[in-house]
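Mapped onto my numbering, the consecutive letters of the sequence shown carry residue numbers 8 to 112.
It should be emphasised that the hints constitute simulated quantities derived from the structure, not laboratory data.
Hints may contain errors.
Said to hold, decoys possible - Simulated crosslink set (DSS-like; lysine-lysine; CA at most 27 Å straight-line): (1) Lys88 <-> Lys29; (2) Lys21 <-> Lys88; (3) Lys91 <-> Lys103; (4) Lys83 <-> Lys21; (5) Lys88 <-> Lys103; (6) Lys103 <-> Lys83; (7) Lys83 <-> Lys95; (8) Lys95 <-> Lys29.
This structure is a prediction, so every number in the text was calculated from the model and none was measured.
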Amino acid sequence: KINDHNESEFLIHKLFEHFITKSIYNDSSVILDMLLTDQETASIVLQFLIAYFRILSFHRRQFPLQLFSSIVQMFKELEQKIQKLYEKNLFPYNPKPLLRLLNNI
């Protein structure tokens with residue numbers, strides 16, 4: 008069953024990678040916009056990102072880094088954008104927990 012669980016998580020990663028590369032073209036601004044929209048959308052995106060970060064960190068230890076490079080780069084850009092907004096007091100809520108997660112990718 009552990010293998011089935013790991014395989015499912017890897018498929019989730021591949022689905023998210025497809026979304027990042029084919030739907031939003033590695034543009035971190037799209038995710039930032041989702042995090043800055045209404046509270047319900049931001050909450051859903053945050054919950055998804057937190058769950059995905061757990062999957063990503065686990066699989067990055069097991070698979071070649073090249074599989075994750077485009078997503079990691081996009082998240083690093085997202086982290087920088089959030090940090091800049093936060094430093095200027097332009098982020099609508101406290102992003103410190105999200106920044107910690109992004110920093111650990």
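If you check each hint against the structure, which ones fail?
8
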